[in-house]
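Chain order of the listed sequences is A and B.
So for the first sequence, the numbering used here puts the first residue at 1; every next one is plus one.
So for the second sequence, the numbering used here puts the first residue at 1; every next one is plus one.
Be careful, since some hints might not be right.
Said to hold, decoys possible - No more than 30 Å apart at the CA atoms, straight line, and that leaves these computed lysine-lysine pairs for DSBU-like:
#1 A:Lys128 x B:Lys31
#2 A:Lys128 x B:Lys4
#3 A:Lys51 x A:Lys81
#4 B:Lys4 x B:Lys32
#5 A:Lys115 x B:Lys40
#6 B:Lys4 x A:Lys47
#7 A:Lys50 x A:Lys81
#8 A:Lys115 x A:Lys51
#9 B:Lys31 x A:Lys174
#10 A:Lys50 x A:Lys174
#11 A:Lys128 x A:Lys169
#12 A:Lys115 x A:Lys81
#13 A:Lys81 x B:Lys31
#14 A:Lys169 x B:Lys31
#15 A:Lys47 x A:Lys128
#16 B:Lys40 x A:Lys128
#17 B:Lys32 x A:Lys169
#18 B:Lys40 x B:Lys4
#19 A:Lys115 x A:Lys174
#20 B:Lys4 x A:Lys174
#21 A:Lys115 x A:Lys128
#22 A:Lys174 x A:Lys128
#23 B:Lys40 x A:Lys169
Claimed, not checked - Not the full set, but computed from the structure, chain A residues with beta-carbon under 8 Å of chain B:
#24 Pro16
#25 Pro20
#26 Tyr23
#27 Arg24
#28 Gly34
#29 Arg111
#30 Gln114
#31 Leu118
#32 Leu152
#33 Gly155
#34 Lys158
#35 Leu161
#36 Thr163
#37 Gln166
#38 Lys169
It is worth saying that the hints were derived from the structure and are not from the lab.
We treat Cβ as the ideally placed atom computed from N, Cα and C, and that holds for glycine.
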Amino acid sequence: MRPTPLTEHELDRQLPDFYPRIYRMVRSMVYGTGLDAEDLTQDSFLKVYKKRHLYNGSSSLYTWTYQIARNTVLDALRRDKIQRRIFWWNETDTEPDDFKAAESGDEALDRREQKQLLRSAMARLSEKDRLIITMRDLEGMSYDEIAEVENLAVGTVKSRLFTARQRLKTELIKLGMDPGSEE
Amino acid sequence: MNRKRTEQQLREQLIDAQDGNLSRQEMEQLKKQVLAFDPKLWEDHQWMMRQSGDGIPGLFEGLREEAPAGDAIRRFHQRREATGGSESDLEYLVWRLFRRYVLSVGIVLIVLFTGMQMGSTEDAAADSREQMTRYLGWEQQQAPELNHWLYEDL
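Just chain B, same shape as in the assembly:
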């Protein structure tokens, strides 16, 4: 097991210790392991345990009492109304149906259209091949005559 993994496991166990989830025996063993690994970790753990007698969460007691202004929720609802509220269930249903059917049909149409386009391209290619064959056929027939006409004087 590498050092980083060991350190992560020790940190996890120290948090369990801070939550009071370890027996005395487990604590003793953990202390030995931590001190052997890095005494600084144990020192930090001790500091965390000391805060306000309740550990770090005790430190936050004062902040936990803070609350938003009394009319905050009323002001939130006012803002929600002002910004058009939220989507109604009907709007959502319409949007869901739109997504499910209109978009699906759209995608199917795009696929069909692309397929047809490819088909017509293949037809066009076949036409062009036929024309080329006809032309080449003509060229092959005419070629000896042409050669004769071109080179007869040489």
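Here chain A stands alone, though its shape is the one from the complex:
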């Protein structure tokens, strides 16, 4: 248990380190939905500042912040999905980009195309798969940290990660990646 509540000053000090990492996670999660990653990152940190008295030190500050950001993003995605169902006639161009890899034979895709391909494939995954890949492969979080954020056993995290990577492979191939190729 943390003896004294988290102060604004402590959060201010951690912000430059946390902000870009949380932003990357948010961006990876909302790509192709039309939601604004910057806005959602700010929303998450506003909540962190507001709820800082609830931080009890039982997990690392980063994991706690990540958990708040994760919940904020999942809520936003859920609301967005509901709105799209209700206002289906008003749907804008917010579907994931239907990126198709260039028919380049053995020619390697350039860096920008690779990024675009990966983003499009990620956008086609379920939120659960996207989140676990983002935490491990994009953010390099440890299995213990992921287990804490997701409230799962470490073994389950690994098993789910493998499944999520399998689905990512399927989507990448659907989008034109050569299954036998190295990226």
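Chain A is already provided as a structure; the job is to place chain B on it using the hints.
Same frame as chain A, but now just chain B:
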């Protein structure tokens, strides 16, 4: 052990293998187990290992370089100020004291009030019982006379 559990364990071990945490001997054994269970799992594992030489995390190299705009943190602080900032320590202390004392006293008062109400209801019931007894007593006394008066002509 059922098939689902076995599959989950193999997936876990394959992730360990991708992280380089298995010895050569353990890898050989795992390969045999996986191929016997489902060759597709091994094929997928091989694909994951091939990506950018660094496995799947290597695939994300480009995305990892992305960062928010340079003044993002300054803009966040501006927004925080505009939305009233966050609760000050004093506000939090007041709220904590409110929760701890005012709410507790409130709950105790509600419990006491409910208890008193129940007590007065019991008193009222006792009064009513007494009145009924008195009335019934009267009725029992009067009943033979009444019966006599009613049926004397029959």
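Structure-based check of each hint:
1. A:Lys128 x B:Lys31: holds (28 Å)
2. A:Lys128 x B:Lys4: The given pair, whose Cα atoms are some 20 Å apart, holds under the 30 Å limit.
3. A:Lys51 x A:Lys81: holds (27 Å)
4. B:Lys4 x B:Lys32: With a Cα-Cα distance of about 18 Å, the restraint between lysine 4 of chain B and lysine 32 of chain B holds, given a limit of 30 Å.
5. A:Lys115 x B:Lys40: holds (27 Å)
6. B:Lys4 x A:Lys47: violated (39 Å)
7. A:Lys50 x A:Lys81: holds (27 Å)
8. A:Lys115 x A:Lys51: Measuring from Cα to Cα gives roughly 35 Å; hence the hint is violated.
9. B:Lys31 x A:Lys174: holds (27 Å)
10. A:Lys50 x A:Lys174: The hint is violated at about 43 Å.
11. A:Lys128 x A:Lys169: The given pair, whose Cα atoms are some 16 Å apart, holds under the 30 Å limit.
12. A:Lys115 x A:Lys81: holds (25 Å)
13. A:Lys81 x B:Lys31: violated (41 Å)
14. A:Lys169 x B:Lys31: Status holds; Cα separation ~20 Å.
15. A:Lys47 x A:Lys128: Holds, at about 22 Å.
16. B:Lys40 x A:Lys128: holds (22 Å)
17. B:Lys32 x A:Lys169: holds (23 Å)
18. B:Lys40 x B:Lys4: holds (15 Å)
19. A:Lys115 x A:Lys174: Between lysine 115 of chain A and lysine 174 of chain A the Cα gap is close to 16 Å, so the pair holds against 30 Å.
20. B:Lys4 x A:Lys174: At roughly 27 Å apart (the allowed maximum being 30 Å), lysine 174 of chain A and lysine 4 of chain B satisfy the hint.
21. A:Lys115 x A:Lys128: Holds: lysine 115 of chain A and lysine 128 of chain A sit about 21 Å apart, inside 30 Å.
22. A:Lys174 x A:Lys128: holds (20 Å)
23. B:Lys40 x A:Lys169: Holds, because 12 Å separates the two Cα atoms, which is no more than 30 Å.
24. Pro16: For proline 16 of chain A, the interface hint holds, since the closest Cβ of chain B sits about 6 Å away, which is under 8 Å.
25. Pro20: holds (5 Å)
26. Tyr23: holds (4 Å)
27. Arg24: Given a least distance of 6 Å, the restraint on arginine 24 of chain A holds.
28. Gly34: violated (18 Å)
29. Arg111: Arginine 111 of chain A check passes; min Cβ-Cβ to chain B is 6 Å, inside 8 Å.
30. Gln114: holds (6 Å)
31. Leu118: At about 6 Å, which falls below the 8 Å cut-off, the nearest Cβ of chain B leaves the hint on leucine 118 of chain A intact, so it holds.
32. Leu152: Hint violated; leucine 152 of chain A Cβ to chain B Cβ min 12 Å, cut 8 Å.
33. Gly155: Hint holds; glycine 155 of chain A Cβ to chain B Cβ min 5 Å, cut 8 Å.
34. Lys158: holds (4 Å)
35. Leu161: holds (6 Å)
36. Thr163: Status holds, d = 7 Å.
37. Gln166: holds (5 Å)
38. Lys169: holds (6 Å)
In terms of the numbered hints stated before, the structure departs from hints 6, 8, 10, 13, 28 and 32, listed from lowest to highest.
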